[in-house]
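Protein chains: 2
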Amino acid sequence: MLGQTDTTPGSYPGIIDDLGRRARNAALQLATIPSETKNRALHGIANAIDAARQVILDANSEDLKSAKERGTSAAMLDRLRLDDARIAKMSAGVRHVATLPDPVGETLTQWTRDDGLEITKTAVPIGVIGIIYESRPNVTADAAVLCLKAGNATILRGGSEAFRTNRAIETAIQSGIVKAGLPGDSVQLVPFTDRQGVDLLAGADRYVDLLIPRGGRGLIEAVTKAARVPVIKHYDGICAAYIHAEADLKKAIALVLNGKTQRPGVCNALETLLVDASAAPKLLPPLADALLDAHVELRCDPRAADVLAPRPVRLADDTDFRTEFLDLIIAVKVVNDIDDAIDHINSHGSRHSDLIVTENADAANRFLAAIDSATVYWNASTRFTDGGEFGFGAEIGISTDKLHARGPMGLRELTSYKYLLRGNGQIRGC
Amino acid sequence: MLGQTDTTPGSYPGIIDDLGRRARNAALQLATIPSETKNRALHGIANAIDAARQVILDANSEDLKSAKERGTSAAMLDRLRLDDARIAKMSAGVRHVATLPDPVGETLTQWTRDDGLEITKTAVPIGVIGIIYESRPNVTADAAVLCLKAGNATILRGGSEAFRTNRAIETAIQSGIVKAGLPGDSVQLVPFTDRQGVDLLAGADRYVDLLIPRGGRGLIEAVTKAARVPVIKHYDGICAAYIHAEADLKKAIALVLNGKTQRPGVCNALETLLVDASAAPKLLPPLADALLDAHVELRCDPRAADVLAPRPVRLADDTDFRTEFLDLIIAVKVVNDIDDAIDHINSHGSRHSDLIVTENADAANRFLAAIDSATVYWNASTRFTDGGEFGFGAEIGISTDKLHARGPMGLRELTSYKYLLRGNGQIRGC
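Protein chains in written order, with our numbering: chain Y, 1 to 430; chain P, 1 to 430.
It should be emphasised that the hints constitute simulated quantities derived from the structure, not laboratory data. Hints are not guaranteed to be accurate.
With a cut-off of at most 30 Å between alpha-carbon atoms, the simulated DSSO-like pairs for lysine-lysine come out as follows [to be verified]:
1. Lys65/P with Lys121/Y
2. Lys233/Y with Lys251/P
3. Lys233/Y with Lys121/Y
4. Lys233/Y with Lys65/P
5. Lys121/P with Lys250/Y
6. Lys225/Y with Lys65/P
7. Lys89/P with Lys282/P
8. Lys251/P with Lys121/Y
9. Lys250/P with Lys121/Y
10. Lys233/P with Lys121/Y
11. Lys250/Y with Lys225/Y
12. Lys282/P with Lys251/P
13. Lys225/Y with Lys89/Y
14. Lys233/Y with Lys89/P
15. Lys251/P with Lys225/Y
16. Lys233/Y with Lys250/Y
17. Lys251/Y with Lys225/Y
18. Lys89/Y with Lys250/Y
19. Lys121/P with Lys251/Y
20. Lys121/P with Lys282/P
21. Lys89/P with Lys65/P
Computed Cβ-Cβ distance ranges for the label pairs, DEER-style [as the list claims (entries may be wrong)]:
22. Arg311/Y with Ile15/P: 39 to 49 Å
23. Asp318/P with Glu324/Y: 46 to 56 Å
24. Glu221/P with His96/Y: 39 to 49 Å
25. Asp84/Y with Ile15/P: 23 to 33 Å
26. Asp17/P with Asp317/Y: 49 to 59 Å
27. Pro285/P with Thr32/Y: 50 to 60 Å
Footprint (simulated), chain Y over chain P, 3 or more residues, beta carbon under 8 Å [what the hints assert, rightly or not]:
28. 80 to 92
29. 201 to 211
30. 388 to 397
Don't be surprised by glycine CBs; every beta carbon is placed ideally from N, CA and C.
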């Protein structure tokens, strides 16, 4: 089959083993490559992607044709589709990464023991990173290039629907890398799209240092279940805004509207609105009217519904407070007080981004301290949870994990560290 | 059975679920507790352990009796055995942790966007940490208390052979915690010792944020295989000393002897000796004589054996260069040059601690950069890879992973972080 591999399932473990070994060797070389060389490779990659534009578009047309024949949804087809503008955006993104500061080699801390032994904690690449993703072929370039800038080799396992496109992008990337004198194995695509590829990659702890699944909850859970390799998960954002009794109503309306309606389909959009009981009669009706004007469906707990009658709202069930709607829907609840709000968020939320609107600094600080989420806001929109908005220049995702990286993950979060100890013969006495 | 639980295997999932829920609630409370309160709890724990000395010793006698009846080895019995001195050391260790600085709440970085939105990256506890360990009952107190100081709740799953002892220590710890007004559920022991406990804990990703297995490779691999929860692994140390052609012989002998013989049974002891071919005839014989005088068995590759003939050395096979002997045995190899040494260590070592002995700074810096290990030494003993020697005050182990924590793990490595964003109504435009 054109664009497909001629491999058979029996050969998959050997293929992943071979990819892993090559990636590890490439990673060991990349670890000591100067920034300028890596940046030269990034420009080479961008140029190669531009030069291969027609080849990539042709491969993409074939992927789209197969996907249509299989009855793929219009939304999925749109995510799969490349055009001149999207390819130009891809190569521009690569050139942008070349302008970002290189975190590798940075001295994180340094101290000297009484016996003169000097200890330096230095940022180093993580090593080999496996990226498991679905549909959007731009991830092939975006993820590979961010990892490469931080000195990591990648093994990419894209979705079957984008296989030909991903292959064409991989070929362009590798030609750019090799031209700069770096190992071509720094970026490799798994050459088959069987589900077994995910399992094999997830079990390859001899070679792979980190897996980053990018996609829906089902994909992430499958990877986590199969993984012996560390995984950084980017789960849903079930983000809440809590309107404290001492909230400024104008700010509350602006922040809730921005969080819910500015881009409802993303993980840092609001899904839950909590309002203090004592202020609900005053604050909730104007908030609800603003949301209803913006065509947002309100799913309310009995107390909120009571306050809002006779407005056209639905009654919520408990599931609504645990759902990432990604749509113009919001779950609304009246809470007793700040403790009730904190309990609700820590038990129903997804540890992503949560907001308190208040003019009371004590309440705000209490909320900031007690909410167990990656980003906690006081009087600012949850939509700022984003590597670009944080000033990281680019992001590989937003971690909902608490280990290694939490919240937006930029280049710095794609590094590990090691300790360098420089002595003059120091030995340990006891 | 006295000291054992009356639970049945069918109830295990419910029990772990309950432990997890309690631990998560305790962790949410601990996250905002001031240092002074945590320190008061630590002193309370130390006093409670001292007060329960006889109860703990009685429980330990029973564990020892059962273990002996099952024909447990003398080494294992020694690891299991407590006496007055070991209990005193345990409570002294707890008091020491109270004196260490609390990493929680520290501002890691802080910046302000052009629109005035202030972003603060703050150290916070990880949450719920599962410790899975074998035999040594002192881990019960050591691990729980370090985690507690960093604001984490722990679920402890000790070995079956120490169950009664661990229970007695758990009871003492909880009484100390409760007296200080902290939640008793901050430290909980899994109340059954079936292997299923490991699997259930490893799968409890709804409640547990991190698992730290402490024990042999078999235990760590079993936990990693079962885990959906992030795991930080503390694998073997297959540590190498590389004697460069420009090494100072006196330093080389002192460092190799210290690394191999000062305490052979620990993970930062040397297991491999590499010597440059050009200098081997001059450097290797005196090194070998010093090791032989210290009763170290030498397992040599053919070139090393050739240089050392007719000394009483054994021929090594490839396995010897991948073995953590933990004994007075060292694998010896003549390498072509520094590249050969780096390749050998990166392919045979365990990414723990490795050493170059040389007076040539360029060679040293090359080695420090290229070796992919947690700690890399120039002219100092690998025995310094230790939380205490690093000045961390205490350690929960030495991570051979590259994610989150690498090398010695102290209190700081038992924290995560979150971002606090303080604004005055900022919303996102695009």
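Violated constraints from the hint list, given by number and in increasing order: 1, 2, 4, 6, 7, 11, 13, 14, 15, 16, 17, 18, 20, 25, 26, 27 and 28
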